[in-house]
Amino acid sequence: MLGTLAGTLGFEIVFANKLPSNYLPLFLQDQDPFKLFGKDKEMVVLNNKPWNMEAQAHLLNDKVTPNKYMFIRNNGIIPTNIDTSQWTLTIDGESVQTQKQFSLQDLKIKFGQHTYQLTLECGGNGRSEFDPPAKGNQWTIGAVSSAQWTGVRLRDVLESVGLKSDAVYIGYHAADNHLSGDPNKEPISRGVPISKALQDETLLAFQMNGEDIPLAHGYPLRLVCGGWPASASGKWVNRISVRNKVHDGAKMGGSSYRVPCENVSPGTKVEDENMCIIESMPVKSLITYPKSGALIKANRKLNINGHAWAGELQVTQVEYSIDFGSTWVTCKLEQPVNRLAWQHFSATISFPKKGYYEVWAKATDQNGKSQPMVLPGWNPKGYLNNACHRIAIKVV
Amino acid sequence: MKRDFNHQVKQLSRILFSFLLLFIVLFAGLFYWVNRSPDTIQETEEVIPLVAVDDSIENGIHLATGFVDDDGMQATIQNCTNCHSAKLVTQNRMSREGWEATIRWMQETQNLWDLGDNEDLILTYLAKNYAPDSKGRRQNINQTEWYELE
Numbered sequence: 000m001l002g003t004l005a006g007t008l009g010f011e012i013v014f015a016n017k018l019p020s021n022y023l024p025l026f027l028q029d030q031d032p033f034k035l036f037g038k039d040k041e042m043v044v045l046n047n048k049p050w051n052m053e054a055q056a057h058l059l060n061d062k063v064t065p066n067k068y069m070f071i072r073n074n075g076i077i078p079t080n081i082d083t084s085q086w087t088l089t090i091d092g093e094s095v096q097t098q099k100q101f102s103l104q105d106l107k108i109k110f111g112q113h114t115y116q117l118t119l120e121c122g123g124n125g126r127s128e129f130d131p132p133a134k135g136n137q138w139t140i141g142a143v144s145s146a147q148w149t150g151v152r153l154r155d156v157l158e159s160v161g162l163k164s165d166a167v168y169i170g171y172h173a174a175d176n177h178l179s180g181d182p183n184k185e186p187i188s189r190g191v192p193i194s195k196a197l198q199d200e201t202l203l204a205f206q207m208n209g210e211d212i213p214l215a216h217g218y219p220l221r222l223v224c225g226g227w228p229a230s231a232s233g234k235w236v237n238r239i240s241v242r243n244k245v246h247d248g249a250k251m252g253g254s255s256y257r258v259p260c261e262n263v264s265p266g267t268k269v270e271d272e273n274m275c276i277i278e279s280m281p282v283k284s285l286i287t288y289p290k291s292g293a294l295i296k297a298n299r300k301l302n303i304n305g306h307a308w309a310g311e312l313q314v315t316q317v318e319y320s321i322d323f324g325s326t327w328v329t330c331k332l333e334q335p336v337n338r339l340a341w342q343h344f345s346a347t348i349s350f351p352k353k354g355y356y357e358v359w360a361k362a363t364d365q366n367g368k369s370q371p372m373v374l375p376g377w378n379p380k381g382y383l384n385n386a387c388h389r390i391a392i393k394v395v
Numbered sequence: 000m001k002r003d004f005n006h007q008v009k010q011l012s013r014i015l016f017s018f019l020l021l022f023i024v025l026f027a028g029l030f031y032w033v034n035r036s037p038d039t040i041q042e043t044e045e046v047i048p049l050v051a052v053d054d055s056i057e058n059g060i061h062l063a064t065g066f067v068d069d070d071g072m073q074a075t076i077q078n079c080t081n082c083h084s085a086k087l088v089t090q091n092r093m094s095r096e097g098w099e100a101t102i103r104w105m106q107e108t109q110n111l112w113d114l115g116d117n118e119d120l121i122l123t124y125l126a127k128n129y130a131p132d133s134k135g136r137r138q139n140i141n142q143t144e145w146y147e148l149e
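These protein sequence lines are chains A and B, in that order.
Mapping to numbering that gives the first Met the number 0: the first sequence position 297 is 296, numbers consecutive.
Mapping to numbering that gives the first Met the number 0: the second sequence position 89 is 88, numbers consecutive.
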């Protein structure tokens, strides 16, 4: 079991075949998550059971997010005994012509491989700002990443199996374990409408940034649906069900990854039937350089840069303000390397005099929607906070 | 006669030897059965490292869990940190009704047990020590560390 993990761990366990089948080597028992998952020490642990960890804005400065700065969001317990030679993906459900099973090798050989940079943001990124507070991990701004994912198109796999005309949704099932230890419960089993499942960029990925996907991010197989709440991108996927109705797996109903269909006043109790599933994530941006708290000398110009993304849409403009949103200046904005990848912006700022400033960034999507400067519509679980990012600067 | 007798002795010793072998195998089997490692019984059970529980309190905080030291803390630790970490509790802020609704949700969907007499104790503890504070529509940037940017 662990021998096959060597690739993901980045080193080999000598005599791995001699390990008792349920013995975890000391380094895996080690509860230091930074070593365990190869994360930078500046990453912030929100929860250690299940593991949840986020980045800080300045850690996300890379154009392509490396593993060490990628947030971890888990609903259950990460699987450990993964044998890639035995791993299978089953395609089943009411709306497939016939149930079919693929080994990892089948997937790699039978279908064309594609690489896309895909932005994945946790639906609850920014939850910590909600008032009244919303239940769950209190993400600030760091539950977003944009890595390169390599795999086969879900569409190609589904087409080889054959879909019935009544297919409306796909739902994933995976190898992670429920927190309660109940083997009959799935920690999370979400999905996307068939139209999203059939997009070019929707992948069954086996590589991230050119290497095997790290264990915490879904090794050996992850469904990647860029631009949607990252929970739609199931990790450790071993089954995909093609449904003739909206998938009804764990965390598809109630207040999970759903928001009131119509805006409500903060703190309102909303009935289940008035909640709608989150699809594309809203327009958002992050200033990733400089780190907030910079002291700069008077008459020095400040270069800023960062990323902007808008779910399914493209970002058409990013602006900055140094006067609390009274006036805005347009930033230089790059095109995305592919659809659903974040875009990079930069600007050079001159400050009129000494004092305290906040640099605010505001992105606008192709439909003309911009980021709000305050918290957007309140919802019970604190999703979709795309309020503009701010950093503090003092000119001295 | 003598040859017959020899033959019978040989046959008897063969039978006895067979029985001996059978017993050895049986005992070896029993020995293995009794002493076999538990992981062959439950293949899926994970090895959980034993960690000594440190119950010390510093500045009113239970160091091992991060919980505020107050009436009901032990009941909260015992009932609320089996499945998830204490951090999932301590990073949240809710009214008593909110905490109660969370407990009901866990009982209905996440296999949380009936808390019995402890429920009132736990709810009182959580509502007092982890109550919501008003944040408004946008908080200040809480910049505490400054650095010189060249």
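What the hints contain is simulated information worked out from the structure, not anything from laboratory work.
Take these hints with a grain of salt, some might be off.
What the hints assert, rightly or not - Here are a few chain B residues that face chain A, going by a calculated C-beta distance under 10 Å: (1) GLN77; (2) LEU111; (3) ASN128; (4) ASP132.
Said to hold, decoys possible - No more than 30 Å apart at the CA atoms, straight line, and that leaves these computed lysine-lysine pairs for DSSO-like: (5) B/LYS134 x A/LYS368; (6) A/LYS34 x B/LYS9; (7) A/LYS48 x B/LYS9; (8) A/LYS40 x B/LYS127.
Glycine included, C-beta positions come from ideal geometry on N, C-alpha and C.
We went through each hint and held it up to the structure:
no. : hint                : result
1   : GLN77               : 15 Å, violated
2   : LEU111              : 8 Å, holds
3   : ASN128              : 14 Å, violated
4   : ASP132              : 8 Å, holds
5   : B/LYS134 x A/LYS368 : 26 Å, holds
6   : A/LYS34 x B/LYS9    : 69 Å, violated
7   : A/LYS48 x B/LYS9    : 69 Å, violated
8   : A/LYS40 x B/LYS127  : 33 Å, violated
Hints 1, 3, 6, 7 and 8 from the list above are not met by this structure, while the remaining hints are.
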